[in-house]
Amino acid sequence: MKHDRWLPYYLIAPSLLFMGAFFLYPFIQIFAEAFTSSDGDVGLANFTRIYQDFNFWPSLKNTLLLTGVVVPVQLVLAIGMALMVTKMNKGRDSILYIWTIPLGISDLAAGIIWLAILEQFGFLNSFLSAVSVIDAPASWLNYQNAFALFLAVVVAEIWRGTAIVLVILVSGMGLIPKEYDEAGQVFGASYWQRLWKITLPMLRPSIQSALILRTLLALEVFAVVMMLGGSDMPVLMSETFDWQFLYQQTGAAAAYAVLIMLISVVITGCYIKFLNVPKEAR
Amino acid sequence: MRKMPTALALLALLGSTSALADITFFSTQARPLEEAQQMREIALAPYAEAINYMPQETGTFLSRLEAEKTSPEGALDLLGGLHGELGSLTPSILAPLDDLQGSLADTGISQQYMTLGKLGGEKQRYIPWMQATYIMAANRKALPYLPEGADLNALSYDELLAWGRNMQEATGSPKLGFPAGRKGLIHRFLEGYLYPSFTHSVVREFRSAGAVAMWQKFRKIWAVTNPRSTAYGFMQEPLLNGEVWVAFDHTARLKDAFNKQPDQYVAFPAPAGPSGRGYMPVVAGLAVPANAPNPDASRKLIRYLMTPEAQIRTLRATNFFPVVEAELPDDLPASIRMSGKAVAAQSSADDAVLSLLPSGLGQQSGLFNKIYRDAFVQIVLRDADIEETLDILAPRLQTLINTSGAGCWLPDTPSDGPCPVK
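Here the protein sequences come in this chain order: H and X.
For reference, each letter of the first sequence is one residue, going 0 to 281 in numbering that gives the first Met the number 0.
For reference, each letter of the second sequence is one residue, going 0 to 421 in numbering that gives the first Met the number 0.
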């Protein structure tokens, strides 16, 4: 009998050990590195260093702006797509399958795909010049055109990351009992009324988890920006990478990592507070 | 009991495989897939023992060596890396190779290069392996736009600017190109070419009047440079697709353009400024980790790689030139013949200013390059005030040089103690 009681813990133990060894331990180590300067003093030296760097504000600004633009657009898109999918009777699975293809593509590959489309001699320019919209392939994906660069990354990110939100929302919609919607119809509520008063509030737990997940991923955006923007569009994650591998300053890289974590924690906290899900709905 | 013999046999098998294991050659050079394959098939194939050639990104190369330094027996037999990469390692990671000096004495390796291999210390930490440098390349289409009276082999930065302007006016698009992307080597252009050409220095005169004049000139040159330059890694690509007609890069990164269309391109020395024609040779070295499993096998492989025959094979594979005296055969690829001439013209120019790769900076060498790249990004791309930017960066440069304790290197005059930034 006693044996049975402990069985769940035995089964969980390997994954706990794994998380401890490959997540918790590096996590603590990064924290220690971030607050230790190169001469071993404990303090904020690494944070001062990254703060004084020319790329600090541009990378922070780019990351927050990207997150601020990409995540809401993806949420709206995904809600729309999820509503369409749930209304479908035939071919629902095929459509879902096609929409989630970008999920299976690595972000580096996604960056390469969009670079092939958007670069000077890429598909977009070739197409536009073939149909005589432009005279010659123009190079607009460069540092002089920060807005175009930003837009390119936004488009690629939306293409790549909407599916994960969609999947969460579709499964969330499946959990909403049909009775509420039917009751709304009986009392003569319009489609929009039912959407605003019934579906979306009932979907709140799913929206919350989708937002948290997607925002965390957006704060870690890296490979797509690297491919499309290179060093012209620094983001927090590319600075982390550069400080570690290009400049060989682990402390400064760790400070960036801690900064990304702090921003993530704050934003997640906001989602939990403002999208408060009633206890009984959890 | 029955299991016992099987286990023993397995153990024996394991033992024998580890005894026969290949020699592991861990290198930051010849990294592109094709080059790595040529390295294996052309340069290393004639060697009697099997060699496992493992090209590696600089970052992972350094991290792995630093991580393995405390283990009593490492897994790597031979290391190949650039002077700066090997120099950024903790020196004790590399076994002293002074015992090899005798057998390499009459090969004709430059004494200056051998001294570089000591990494500023007493002991030989690496053996110079191969060398290359940075040159200019131009599409023949660009030649008609050369300013009047300009000699391609003795160009000045003023003439380069005029050339760029002429091309932009004639074609409507900027045809100069620099490797200023993430994987590009623009920092070497700044450290080894631009600064020495305008200030005869790279550290001491970092914020001098000469440096300010230099940045002003480079801003003007940049105005007639293709803005896609900040995405360029290897200049052979924009040269081949015609985005750029005139480019600066490492010989190995121009190789494809020269080989694919030898009649379409010309190679020539970098331009000169008021202080002369700055140029920077790149030296790669061979080193043995202090915890190498079989140091004798490592040394034997080094001796092979230093033979004239192996050096020419390495040249064929990587486009890096021999450091030993070797007769170059006539059947070498176009890229080698073309860049070979430009390299020779560059180093033997009357006004040549030899600039060495930064040395003695250890762990700070990445940050050193960052200072120059930051100056470039702020001043040229973000249009920040030149003096202000240099005043912000100069103390940072001084701090990192003080941290590493690096003395001045050529073209700066020698210093007692860390190299001072004026």
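These are calculated hints, taken from the structure and not from any lab test.
Worth double-checking, as some hints may not be accurate.
Below, computed lysine to aspartate or glutamate pairings styled on DMTMM-like, alpha-carbon distance capped at 25 Å [to be verified]:
no.	chain 1	residue 1	chain 2	residue 2
1	X	K182	H	E118
2	X	K140	H	D38
3	H	K196	H	E181
For each hint, the structure was consulted:
no.	hint	result
1	X:K182 / H:E118	holds (18 Å)
2	X:K140 / H:D38	violated (55 Å)
3	H:K196 / H:E181	holds (13 Å)
Going down the numbered hints, you'll see the structure goes against just number 2.
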